[in-house]
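**Q** Using the numbering used here, you'd call the opening residue of the sequence shown number -6 and step up by one each time.
Hints are computed from structural coordinates only; laboratory data are not their basis.
There's no promise every hint is true.
To be verified - Using 27 Å as the maximum straight-line C-alpha spacing, the simulated DSSO-like pairs for lysine-lysine come out as follows:
| no. | residue 1 | residue 2 |
| --- | --- | --- |
| 1 | LYS145 | LYS126 |
| 2 | LYS126 | LYS153 |
| 3 | LYS104 | LYS134 |
| 4 | LYS39 | LYS75 |
| 5 | LYS60 | LYS75 |
| 6 | LYS34 | LYS126 |
| 7 | LYS60 | LYS114 |
| 8 | LYS126 | LYS114 |
| 9 | LYS114 | LYS75 |
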Amino acid sequence: MLNKAFIPFPILTTERLTLRQLEINDGQEILTLRSDSDVNKYLDRKKASTIEDARDFIKIINENIDKNDSLYWAITFKDNNKLVGTICLFSFSNENDNCEIGYELLPNFQKQGIMHEAVEKVIDYAFHSIKIKKIDAFFHKDNQNSIKLLKKFSFISSNKADITDPDLINYHLTY
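Please construct the entire structure, taking both the sequences and the accompanying hints into account.
**A** Next up, the structure:
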């Protein structure tokens, strides 16, 4: 059985980063993430167009956390509370002891090892605190940066396209 008790919210820290809960004050950065064409290049989602869209998104995310349905962290530097990216665990399955992972980073902060640091911490939390046995990741087949990152953590490709979207491929990591 998974240990899905997300209240109080699990704040995670690494050498450089704090992973904390999203706040309404993150609206501008969420708007930037969810409207940036580079960030959204491989994502099939409606782009945010207003600060209200971003704040509504934050409210929905935090409601899902309150229901223990997902975890969604704002990635910040320890010395600056400003959001530079997000990372989440979702689609929890008690039957299979698994979940999915997703992440995104503002373009100005890419290629600095930030996401590597955040993913490493979240994987550790998923396996040791939530007691997940398998983490899935579905990525666009052309998203080479995410694929390279997953491979650094020994995620393995299923070599099968997603049933609902043939451009998505599944990677997984088991504990």
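**Q** Would you pick out the hints that fail for this structure and give their numbers low to high?
**A** Violated hint: only 6; rest satisfied.
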